[in-house]
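The lines below spell out each chain.
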Amino acid sequence: GENVEQHPSTLSVQEGDSAVIKCTYSDSASNYFPWYKQELGKRPQLIIDIRSNVGEKKDQRIAVTLNKTAKHFSLHITETQPEDSAVYFCAARANFGNEKLTFGTGTRLTIIP
Amino acid sequence: NAGVTQTPKFQVLKTGQSMTLQCAQDMNHEYMSWYRQDPGMGLRLIHYSVGAGITDQGEVPNGYNVSRSTTEDFPLRLLSAAPSQTSVYFCASRRQENTEAFFGQGTRLTVV
Chain A
1 GENVEQHPST LSVQEGDSAV IKCTYSDSAS NYFPWYKQEL GKRPQLIIDI
51 RSNVGEKKDQ RIAVTLNKTA KHFSLHITET QPEDSAVYFC AARANFGNEK
101 LTFGTGTRLT IIP
Chain B
1 NAGVTQTPKF QVLKTGQSMT LQCAQDMNHE YMSWYRQDPG MGLRLIHYSV
51 GAGITDQGEV PNGYNVSRST TEDFPLRLLS AAPSQTSVYF CASRRQENTE
101 AFFGQGTRLT VV
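Note that the protein sequences, when read in sequence, are chains A and B.
Those letters in the first sequence? Residues 1 to 113, by our numbering.
Those letters in the second sequence? Residues 1 to 112, by our numbering.
Don't read these hints as lab results, they were simulated from the structure.
Beta carbons: idealized from backbone N, C-alpha and C, even for Gly.
Check the hints yourself; a few may be wrong.
[As the list claims (entries may be wrong)] Only part of the chain A face toward chain B is listed, based on derived beta-carbon distances under 7 Å: (1) Pro44; (2) Leu46; (3) Thr105.
[To be verified] Below 25 Å or equal to it, Euclidean Cα-Cα: the simulated SDA-like pairs (lysine to any residue) are: (4) A:Lys58 / B:Glu100; (5) B:Lys9 / A:Gln45; (6) A:Lys42 / B:Pro75; (7) A:Lys57 / A:His7; (8) A:Lys37 / B:Thr86; (9) A:Lys42 / A:Thr80; (10) A:Lys58 / A:Gln81.
[Unchecked claim] Pairwise CB distance ranges (calculated): (11) B:Pro83 / A:Ala29: 32 to 38 Å; (12) A:Glu56 / B:Gly51: 29 to 35 Å; (13) B:Thr99 / A:Ala29: 15 to 21 Å.
Turn these sequences into a full structure, and let the hints guide you.
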């Protein structure tokens with residue numbers, strides 16, 4: 001089955017700096033890669049996703065890049081703000097037509113004012 | 001729309017007890033899933049369903065049962081609770097394969 005590895009497990013950055021979280025996946029057939037943000041005590045919520053037919057996607061301060069050859073994808077947050085502090089999860093969907101969304105183990109991002 | 005609603009929010013069980021975690025969605029989503037979240041292990045898929053009457057196992061199905069008699073509801077049953085099932089459980093639904101998954105607010109379960 002699919003295996004998703006996520007690094008780092010914790011990340012602290014100064015407010016205003018950029019943060020990068022990286023994930024690798026094992027199944028070359030994976031074609032959907034979402035990122036979820038989970039604030040303390042709350043439910044995960046989608047912040048951005050990318051499909052295998054594109055290499056990069058941006059939404060304001062957030063961007064995701066995908067390298068299918070190397071089987072890795074990354075989340076980039078620019079101009080970080082205190083409200084960006086949360087746990088971020090990457091995920092990959094292994095096979096077309098099923099619901100097996102495999103998540104990484106999460107990155108706890110702390111923005112230092 | 002209420003989205004995805006889970007009940008209860010908190011539950012304490014004794015070892016060996018059984019219970020059902022409820023999940024309902026009002027978005028007419030075909031796909032529904034149950035995940036458990038443990039520290040340092042991310043979200044792991046327990047069971048999922050691609051439509052009424054269709055369920056399948058995820059990554060960690062042992063000790064859990066599911067059924068999907070309607071599009072709206074996807075209950076998760078713990079057959080005989082064990083301390084290893086202490087976790088936060090999330091139900092999620094989505095419209096089709098490559099679309100956003102909407103999560104419920106979670107159920108924090110403690111088995112003593």
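(request) Given the range 15 to 21 Å, decide if the beta-carbon distance of Thr99 (chain B) to Ala29 (chain A) lies inside it. (result) Taking Cβ atoms as reference, Thr99 (chain B) and Ala29 (chain A) lie about 18 Å apart, which means the hint holds.
(message) 32 to 38 Å was suggested as the range; check whether the CB atoms of Pro83 (chain B) and Ala29 (chain A) agree with it.
(response) Given range 32 to 38 Å: holds, Cβ gap about 37 Å.
(request) Below or equal to 25 Å on CA atoms is what counts here, so check Lys9 (chain B) against Gln45 (chain A). (result) holds (18 Å)
(message) Just to be careful, I want the Cα atoms of Lys42 (chain A) and Pro75 (chain B) compared with a cutoff of 25 Å; is the pair within it?
(response) Holds - the C-alpha atoms of Pro75 (chain B) and Lys42 (chain A) are around 21 Å apart, at most 25 Å.
(message) So if I understand the rule, the pair passes when the alpha-carbon distance is 25 Å or less; does Lys42 (chain A) with Thr80 (chain A) pass?
(response) holds (20 Å)
(message) Taking the Cβ atom of Glu56 (chain A) and the Cβ atom of Gly51 (chain B), is their distance within the range 29 to 35 Å?
(response) holds (34 Å)
(request) Using 7 Å as the Cβ threshold, decide whether Thr105 (chain A) counts as touching chain B. (result) Hint on Thr105 (chain A): holds, closest Cβ of chain B at ~4 Å, below 7 Å.
(request) For the pair we were handed, Lys37 (chain A) and Thr86 (chain B), check the Cα-Cα distance against 25 Å. (result) Holds - the C-alpha atoms of Thr86 (chain B) and Lys37 (chain A) are around 23 Å apart, at most 25 Å.
(message) Less than 7 Å between beta-carbons is the criterion; does Leu46 (chain A) satisfy it with respect to chain B?
(response) Hint on Leu46 (chain A): holds, closest Cβ of chain B at ~5 Å, below 7 Å.
(request) For the hint on Pro44 (chain A), just tell me whether its beta-carbon gets within less than 7 Å of chain B. (result) With Cβ-Cβ at 5 Å, under 7 Å, it holds.
(request) Take a quick look at whether Lys57 (chain A) and His7 (chain A) sit within 25 Å of each other, Cα to Cα. (result) holds (20 Å)
(request) For the pair we were handed, Lys58 (chain A) and Glu100 (chain B), check the Cα-Cα distance against 25 Å. (result) Answer holds: Lys58 (chain A) to Glu100 (chain B) is near 16 Å, not above 25 Å.
Going down the numbered hints, you'll see the structure goes against none, and every one checks out.
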